[in-house]
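Protein sequences, first through last, are from chains H and V.
Letter by letter, the first sequence follows residues 2 to 130 in our numbering.
Letter by letter, the second sequence follows residues 2 to 130 in our numbering.
Don't take every hint at face value.
One copy or two, either will do: identical chains are not told apart, so a pair holds if it fits within one copy or between any two.
What the hints assert, rightly or not - Below 20 angstroms or equal to it, Euclidean Cα-Cα: the simulated SDA-like pairs (lysine to any residue) are: (1) Lys-8 with Asn-32; (2) Lys-8 with Arg-83; (3) Lys-8 with Asn-53; (4) Lys-87 with Pro-120; (5) Lys-8 with Phe-30; (6) Lys-54 with Arg-21; (7) Lys-3 with Lys-54; (8) Lys-54 with Gly-11; (9) Lys-87 with Ala-110; (10) Lys-3 with Asp-107; (11) Lys-87 with Ala-5; (12) Lys-3 with Ile-104; (13) Lys-54 with Leu-9; (14) Lys-8 with Asp-78; (15) Lys-3 with Val-113; (16) Lys-3 with Asn-53; (17) Lys-3 with Ala-110; (18) Lys-54 with Ala-111; (19) Lys-54 with Asn-121; (20) Lys-8 with Phe-118; (21) Lys-3 with Arg-40; (22) Lys-87 with Ala-41; (23) Lys-54 with Arg-69; (24) Lys-87 with Asp-7; (25) Lys-8 with Asp-77; (26) Lys-8 with Arg-50; (27) Lys-8 with Ser-49.
Simulated from the structure, these hints should not be mistaken for lab results.
Below, each chain spelled out in residue letters.
Protein chains: 2
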Amino acid sequence: MKLAFDKLGGILPAVIQDARSGEILMIGFMNAEAFAATRATGDVTFFSRSRNKLWRKGESSGHTLRVREIRVDCDDDALLVRVDPKGPGVCHEGYRSCFFRRIEPDGSAAIVAERAFDPNAVYGKGSAQ
Amino acid sequence: MKLAFDKLGGILPAVIQDARSGEILMIGFMNAEAFAATRATGDVTFFSRSRNKLWRKGESSGHTLRVREIRVDCDDDALLVRVDPKGPGVCHEGYRSCFFRRIEPDGSAAIVAERAFDPNAVYGKGSAQ
């Protein structure tokens, strides 16, 4: 099979789901190299758009994401990666999931999750997540 | 709150999750107008990149997606929409989820779900999904 990296300038969205709980942890992007690295190592590896390089999730925090299964959608332009998270959470703000805020009827964003860890203790300033 | 539509040329990825089962149904993209329409109508509305216009999911099939909750991620550039699906599935190939194929160790894609409906009976040729 061939993934449609061309639709978005060389990257694809990859949604990361906790294989056990079904919780959505985050969305990242993969280019062909990140996808190959994810498959070869079994650790979720993204392409960082801000740093313009491969980013093995958890490379500094130790909170890596072990791949259990990769699914591809019907038009080959999106991935669903089901993982075992190695660590209490994926979010640099200290939450289990990056989706810890709900958009309210008035347009504000309300925090609807509990902090899972202290982000200051885990992430050094300016380090990768 | 302000969504970061600028990071990807005016669109954001939106992952659609069945609010009851937790299953990931699809990933689509929203621009500001699609996001506003989704919030105003309560029906998931995407921006179709191929047709370059708003696309209310299910507008021809009747398989609309009622919004239960919208979450936003930590850097305001991705959405998680938890829905009640009105219909047996979202995929134009007749599956409940567009992620009905698993990528195997040899790189092939194996179908790992059962068809939920007959796509020929639901989708007219060339119609929107």
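Hints, verified against the model:
no., hint, verdict
1, Lys-8 with Asn-32, "both (11 angstroms within a copy, 16 angstroms between copies)"
2, Lys-8 with Arg-83, "neither (23 angstroms within a copy, 25 angstroms between copies)"
3, Lys-8 with Asn-53, "both (18 angstroms within a copy, 13 angstroms between copies)"
4, Lys-87 with Pro-120, "within (16 angstroms within a copy, 40 angstroms between copies)"
5, Lys-8 with Phe-30, "both (13 angstroms within a copy, 12 angstroms between copies)"
6, Lys-54 with Arg-21, "neither (30 angstroms within a copy, 37 angstroms between copies)"
7, Lys-3 with Lys-54, "neither (22 angstroms within a copy, 27 angstroms between copies)"
8, Lys-54 with Gly-11, "within (13 angstroms within a copy, 23 angstroms between copies)"
9, Lys-87 with Ala-110, "neither (28 angstroms within a copy, 27 angstroms between copies)"
10, Lys-3 with Asp-107, "between (43 angstroms within a copy, 13 angstroms between copies)"
11, Lys-87 with Ala-5, "neither (30 angstroms within a copy, 29 angstroms between copies)"
12, Lys-3 with Ile-104, "between (36 angstroms within a copy, 11 angstroms between copies)"
13, Lys-54 with Leu-9, "both (17 angstroms within a copy, 17 angstroms between copies)"
14, Lys-8 with Asp-78, "both (7 angstroms within a copy, 18 angstroms between copies)"
15, Lys-3 with Val-113, "between (38 angstroms within a copy, 18 angstroms between copies)"
16, Lys-3 with Asn-53, "neither (23 angstroms within a copy, 24 angstroms between copies)"
17, Lys-3 with Ala-110, "between (38 angstroms within a copy, 10 angstroms between copies)"
18, Lys-54 with Ala-111, "neither (32 angstroms within a copy, 30 angstroms between copies)"
19, Lys-54 with Asn-121, "neither (24 angstroms within a copy, 43 angstroms between copies)"
20, Lys-8 with Phe-118, "neither (37 angstroms within a copy, 28 angstroms between copies)"
21, Lys-3 with Arg-40, "within (14 angstroms within a copy, 35 angstroms between copies)"
22, Lys-87 with Ala-41, "within (18 angstroms within a copy, 39 angstroms between copies)"
23, Lys-54 with Arg-69, "neither (24 angstroms within a copy, 36 angstroms between copies)"
24, Lys-87 with Asp-7, "neither (32 angstroms within a copy, 32 angstroms between copies)"
25, Lys-8 with Asp-77, "within (10 angstroms within a copy, 22 angstroms between copies)"
26, Lys-8 with Arg-50, "both (16 angstroms within a copy, 9 angstroms between copies)"
27, Lys-8 with Ser-49, "both (18 angstroms within a copy, 12 angstroms between copies)"
Violated hints, listed in ascending order, are 2, 6, 7, 9, 11, 16, 18, 19, 20, 23 and 24; each of the other numbered hints is respected by the structure.
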